[in-house]
Every structure is written in structure tokens, then in C-alpha cells.
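Participant: Chains B and E, in that order, are what the protein sequence lines are.
Be aware that the first sequence starts at 8, since it is given in my numbering, and climbs by one per residue.
Be aware that the second sequence starts at 8, since it is given in my numbering, and climbs by one per residue.
It should be emphasised that the hints constitute simulated quantities derived from the structure, not laboratory data.
Any copy will do: because identical chains look the same in the list, a pair fits if it lies in one copy or spans two.
Subject to a maximum C-alpha distance of 35 Å in a straight line, what follows is the list of computed DSBU-like cross-link-like pairs (lysine-lysine):
1) K165 - K134
2) K34 - K134
3) K134 - K67
4) K376 - K23
5) K371 - K79
6) K134 - K23
Number of protein chains: 2
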Amino acid sequence: MDNFSYCTPTRYIFGKDTESQTGTLVKEYLDNPSKILLVYGQGSVIRSGLLNRVKDSIGKQGIDILELGGVKPNPTDDRVYEGIDLCRSEQVQAVVAVGGGSAIDTAKAIALGTIYDGDFWDFYAGKLPATKALPIGVVLTIPAAGSEGSGNSVITKKEGMHKISLRSDYALRPKFAVLNPELTYTLPPEQTVAGVSDMMAHIMERYFTPTQGVEVTDRISEGLLRAIMEVAPIVLKEPTNYDARANIMWAGTLAHNGICGCGKIEDWVSHFMEHELSALYGVTHGTGLAVVFPAWLTFMAHHKPLRVKQFAMNVMGVTTKGDDLSVALEGIEKLKMFYKSIGLPVTLKELGIENPEFDELVRKLHENKGDIIGGYYRLTDKDTIEIYKLMV
Amino acid sequence: MDNFSYCTPTRYIFGKDTESQTGTLVKEYLDNPSKILLVYGQGSVIRSGLLNRVKDSIGKQGIDILELGGVKPNPTDDRVYEGIDLCRSEQVQAVVAVGGGSAIDTAKAIALGTIYDGDFWDFYAGKLPATKALPIGVVLTIPAAGSEGSGNSVITKKEGMHKISLRSDYALRPKFAVLNPELTYTLPPEQTVAGVSDMMAHIMERYFTPTQGVEVTDRISEGLLRAIMEVAPIVLKEPTNYDARANIMWAGTLAHNGICGCGKIEDWVSHFMEHELSALYGVTHGTGLAVVFPAWLTFMAHHKPLRVKQFAMNVMGVTTKGDDLSVALEGIEKLKMFYKSIGLPVTLKELGIENPEFDELVRKLHENKGDIIGGYYRLTDKDTIEIYKLMV
Numbered sequence: 008m009d010n011f012s013y014c015t016p017t018r019y020i021f022g023k024d025t026e027s028q029t030g031t032l033v034k035e036y037l038d039n040p041s042k043i044l045l046v047y048g049q050g051s052v053i054r055s056g057l058l059n060r061v062k063d064s065i066g067k068q069g070i071d072i073l074e075l076g077g078v079k080p081n082p083t084d085d086r087v088y089e090g091i092d093l094c095r096s097e098q099v100q101a102v103v104a105v106g107g108g109s110a111i112d113t114a115k116a117i118a119l120g121t122i123y124d125g126d127f128w129d130f131y132a133g134k135l136p137a138t139k140a141l142p143i144g145v146v147l148t149i150p151a152a153g154s155e156g157s158g159n160s161v162i163t164k165k166e167g168m169h170k171i172s173l174r175s176d177y178a179l180r181p182k183f184a185v186l187n188p189e190l191t192y193t194l195p196p197e198q199t200v201a202g203v204s205d206m207m208a209h210i211m212e213r214y215f216t217p218t219q220g221v222e223v224t225d226r227i228s229e230g231l232l233r234a235i236m237e238v239a240p241i242v243l244k245e246p247t248n249y250d251a252r253a254n255i256m257w258a259g260t261l262a263h264n265g266i267c268g269c270g271k272i273e274d275w276v277s278h279f280m281e282h283e284l285s286a287l288y289g290v291t292h293g294t295g296l297a298v299v300f301p302a303w304l305t306f307m308a309h310h311k312p313l314r315v316k317q318f319a320m321n322v323m324g325v326t327t328k329g330d331d332l333s334v335a336l337e338g339i340e341k342l343k344m345f346y347k348s349i350g351l352p353v354t355l356k357e358l359g360i361e362n363p364e365f366d367e368l369v370r371k372l373h374e375n376k377g378d379i380i381g382g383y384y385r386l387t388d389k390d391t392i393e394i395y396k397l398m399v
Numbered sequence: 008m009d010n011f012s013y014c015t016p017t018r019y020i021f022g023k024d025t026e027s028q029t030g031t032l033v034k035e036y037l038d039n040p041s042k043i044l045l046v047y048g049q050g051s052v053i054r055s056g057l058l059n060r061v062k063d064s065i066g067k068q069g070i071d072i073l074e075l076g077g078v079k080p081n082p083t084d085d086r087v088y089e090g091i092d093l094c095r096s097e098q099v100q101a102v103v104a105v106g107g108g109s110a111i112d113t114a115k116a117i118a119l120g121t122i123y124d125g126d127f128w129d130f131y132a133g134k135l136p137a138t139k140a141l142p143i144g145v146v147l148t149i150p151a152a153g154s155e156g157s158g159n160s161v162i163t164k165k166e167g168m169h170k171i172s173l174r175s176d177y178a179l180r181p182k183f184a185v186l187n188p189e190l191t192y193t194l195p196p197e198q199t200v201a202g203v204s205d206m207m208a209h210i211m212e213r214y215f216t217p218t219q220g221v222e223v224t225d226r227i228s229e230g231l232l233r234a235i236m237e238v239a240p241i242v243l244k245e246p247t248n249y250d251a252r253a254n255i256m257w258a259g260t261l262a263h264n265g266i267c268g269c270g271k272i273e274d275w276v277s278h279f280m281e282h283e284l285s286a287l288y289g290v291t292h293g294t295g296l297a298v299v300f301p302a303w304l305t306f307m308a309h310h311k312p313l314r315v316k317q318f319a320m321n322v323m324g325v326t327t328k329g330d331d332l333s334v335a336l337e338g339i340e341k342l343k344m345f346y347k348s349i350g351l352p353v354t355l356k357e358l359g360i361e362n363p364e365f366d367e368l369v370r371k372l373h374e375n376k377g378d379i380i381g382g383y384y385r386l387t388d389k390d391t392i393e394i395y396k397l398m399v
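Produce the complete structure using the sequences and hints provided.
Facilitator: Spelled out as C-alpha cells, the structure:
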């Protein structure tokens, strides 16, 4: 096991009707602000009445509310600059996101940039670490990104469409996150399963590690993956099944708050490869991951099979005796079958990409991430093109 | 799943040589104090040189150190009063424990009582909730109690020998915990296995719940239990196996920081029953739990078997087909075999108690905890005497 430093300070308020506590949570956990910025998405929180309920709850505490609505998926830097200007000119003291990853990540970037003298993009460009920000609160509506419990934020620079993930140890972790599974009842199936794929990927990116002796983190990760695969089909059949929605929501948080990464090197190549698919073909991130991960696993089954075999046995329930490769491959087939069973694509063709531009994908991948990438197994462009080709 | 509110703000600094960071951690996470109280146990931290290393590290930051040493297992209120007097008269601003549960729990009680106008016992007597305390830091040497990551503290009132467990949501959670597995290399086997039994019990007390639909928390708990049972025999065979010690240490923290209790009613009867054995016969807490838990499980197998069956299959690996009772009982046998294999007793006789005073145990149990006890299944004195008798 590797040395690590780990802290998850977010107060999780989980359950039915919890959004009605938002006002008191803002007061208690965001340092009693007199004025906050509310960041939200494209309308579903308005249509559902949630935004008004949250505003009422905050307003009752005598706190002034400014708004930045209409944040889109794959959120961009222009909205962040807009939010920072607003926060600075209006002396906003805290930021609350209502929505999913896009609203939360935008809120985080605004919270970071408002109290920084320079350009907030400096942090995303890696020029300096993110160590302080305005306090952030979250009312979550889409379980997938895990941003409600993580110190991460992904923003796309419109100029050049660079999508960059920033990871802070502490500063960007929300002070509180309201998690009401009922708010996810109306999520359409395609968004639900994209979220399932995304949270599974967050666990698997951490699971595949060269680090030895991490039994505790391994068993937690395997258990979380099995729990997600148990309840995902229930959510699809019964979208208003509270317990199933609750398990998916809580799993999404734990998948990305760092508990599955304690004491080990992580991988993250599948995320990098998917980001290129999203950039080039506008693929939904979680959906794309269902295509990337089996291909990446297949490559690994042939090159470094031991953990893939462990995954096959402990997560996918493979009990067949056999050599490492055959057990690993059987596990990958079972994973694909699971993805298909909940309506996810597992090939580029099923994603609607008939003639993939492999050279371009690989060129951009390594341009963005370096010549050799990956924590579990180090990959060159010769390897990554092979993995992309396994997706057809 | 039940509604819950959950927050683990402790910064875990895990790994080799991490105790050398204590000084900077005190400065950063305990609000930059000029004077702290160092609480420790009965000499092993002195003999090993650890205490001096910690003092050097804190001293280098220009922080004054007062000391309260010699804290004993099952720590008592007299040492707490002593610490409170010291902290008040010397205007101490933070408390650091070096040791295991006894040192940490004493430090917590002192941190709580120092800034409270009345008698610190008011909190343990349940007269008011623990909502604020001096900031607390920990350098852990014995993984078992889980106090380094929990908001709990167990103190015994010398007058009447009342051992009371206080649970705070937040105030008593340490701000940082230094976890260096190497510091546990010298733990004697009997203390190592008592710790293993204690941390397993912390998970099982939470696992046995009447709450439905808690798949995520269930799978995490099962995984943690399996990880502990995997590495415990390695630790016994190779006391200086770093990875095995590291997994035990991290498991001990996660067993009790609340992650295994999210969204559910917990049980805790086995702890209550063991506390009476400890009080009457001076049994080591973790050792006693290895006797109590199989008996409690056996009673449950006959009265409410479903979760015991799930435990048998998902934790103990029972694959035999059969009715709920027989599968449950097979799981309990396997648990006993595990305990025996690492040298733990599983009967009162093996604990050295030849003629147990059942009536007295039951009388004190219900006097302390109420007429009907237990979260998984409600027990009267007719039930609890039956469970004690299953331990012979």
C-alpha cells in the first residue's frame, strides 16, 4: 500500500425532502453568507419547481440570491468568467450549485476564480494548485459526475475546445451536499445509464493499479461495483423505486470522493480516451465510457491480466477455472453483457461512429496527455490505437 | 434506505514515517496553537521512542507541550478531570493523543470538558449533546477502537464503574489522524487479534439492521470484513508485513468512522453484552466480542435469519444450498473457526469464566441499557439470558 493523505469534509445530507434544509445548511456550512450565487442548468430544475423550493429555503434565512442559470453539459469557461464577474461586482460570499456535474463544476470554478487575482484558467492550466475558494454547497439532481463529494472540476476552454480536469485535495470539495434520491425519479433512462457507466468507471479507474497490498480498498471497490450492477436494472424497470435510486445516488458519490483510491496509484486512461471521443464526436461521457472500458480491459487481459482476472472473479462473478487470460476475457464479456442489458452501447458503431478517425483520436490523446500514459500499464500511441481499434 | 447526515472531516495521513509530520499537522489543522496537551498511555510509546519523535516534531514548530501520560485501558474520569484542570490553568488550545483508543478517548473528553462551564460528565450522562471541543489530533499506535476517525469516546466513571459511550456527530472527530502501520509492528498477537475482533464487531453491529435497500452500505461492509479476514492471519505470521498491517490499520478506521452505517438503523447489542463481561470479569473488550458475537448470531439465526444468511454467504463464503437457518448456522461456524484460527476464544470457558453469573450480567445489562434493546431484533431479558447461555 502506498502512503496517502485523505480527507472528505463534505457534509452529506441524504434522503427524502432534504432540499428543504438548503437554507439552514447554507447558513451553517457556508460561513453565514449574506449573499450567494446560485448556479444551475438548462431548465429541468426550473420546470420541476426544485429551483423555487431551494430559493425559498435560502431566502427564508434572509440571504440574498444572485443567479447564473442555463449552464450546459461540458460546461465552458465563458460562463465561469460571467459568474466570477458577478461574484466580484456583487461581493458574493458563497456559491450553491443546483444540478449535476456541469452546474457543480462551474460553481467550483467560479468559487475558485472569484478570490484569485489572476485568470481562473491558471489553475486548470496547472500553473498553480487550487488551495482556496469561496465555500461551495450542492443540491444534486444527477448522480454521475461525483463532483458533489470530490475536489475535482472539469471545464472546457471554448477557444480550442480544451476540456481540462482540475483536481484539488480539499479547496473544491463542497461544504455540504444535499442528496435527495427522489429528485432523480424523472431522469430519462439514457441519462440514468450514462451515469451508471460513469460512476462504475470512476471506481474502475482507481481499481486498476500497479500497487500491491490494497485489499481493503479493493474489497470496497468491488462491493460498490456489485451494488451498482444489482440496483441499476431495478432503477430502469421502476424509475421511482426509492431504494434503488438511493443506492445509485450514494454509490455515485462514493465512487468519486476518493475512498476507492486510498493507498494506490490510479489509472485514468479510459477517461482520457473517452474525452477524445466526446470532443470529436459529441458523445455523452458516460455512454462513451461503456465503449472504451471493455476495449481497454481486453488490451490489459492480453498484456497484464492479473487484475483483470481478479475483476472478473470478484466483480463479475466468474467462477470458471482457467488460465488468467480466459478468466479475464470471460469477465469482460460479462461486463459488456451488463452494459447491453441496461441499454448502453459497447462498440463505436453502436455509438453511431461508423468510420472512426483513429489517427486523429490518438494524436489528440497524446498531445493532451503525454507520450506515455496510464497508471496500471504504461501505454504509447502504438498501444492506444490498438485499444481504439478494439472498440469497433 | 433511511435518511442520514454524514460527515468525516478527519484528515488521514497514512503511511510510513508519517509521525514526523505531526508538528506541521498540529499547526495546520489544530488552528495554529501556541500550547497543546499531549495525552498518552502506559509506556510503550516512551520505550519505542515514538513519544520523543512526536514531541520533537511539535516542538520544532515552536509549540509548547504539556503532558498527561499513563492513561490506562478502559480510561477513567479522574484522568479526564486532571487533564481538564491542566488545560484550563495553562490555557491549552488543542489536544493531541498518541496511542490507541484509551489515549484518544481521554483526549476527546478533555477537549470537550475544557471549554464547557460545567462537569464534562454531563455529556456522557446524556444531559446535553457534544457540539464543541478543543481541536483534537491523533497519532495512532493501536488499530482497534476506531476512535481516530469517529466522533465517539468511551469513558468509565470510577464511582460505580459506569462505562459510558458518548457519540458526537462532529465535535469529537479528530482534525487529523496520523496512521503509520509500522508503529503497530510490535503489538503482541493477543492485542492484534483483540483489535481484529473489535473492528469486525464495529462493522457487524452496523451490518445487522432492519433497514431494507442498503445494498451500497452492505457491499462495502461485507468487503471490509472479508479484507480483514484475509490479512489478519498474515499479520500473525509476519508481524512486520507492512501491507498486512496497513490493511488492518485502515480497516479499523473505516470500520468505525460511520461509512458502514450510512442510511440504516444499527444494532449494538453485542457491544452492550460484552461491556458487562468486561465490567464483571475484566475481559479485554475485543476478546470478549469474539465470544459474544457468535452467540448473538446463533440466537438471530433462529429468530430473524435472513441477514445472518446473507452474512454467511457474502462474508463467510458459504455456498451450500439449504434453508435459511442451516446456511446461517454454517456461516456462524465458519466465523468461529476464523476466530479460533487467529487464537481468539469463542466460549466463556475459553475466556476463563467457568461459572458465569448470568442473572447478574442480564440485570446490569438492562439496568444500563433499558428493558428492550437492539436495533436488528428487539431483545428482552428472556432473550439476552438465552444469548449469554449460548456462550458457554
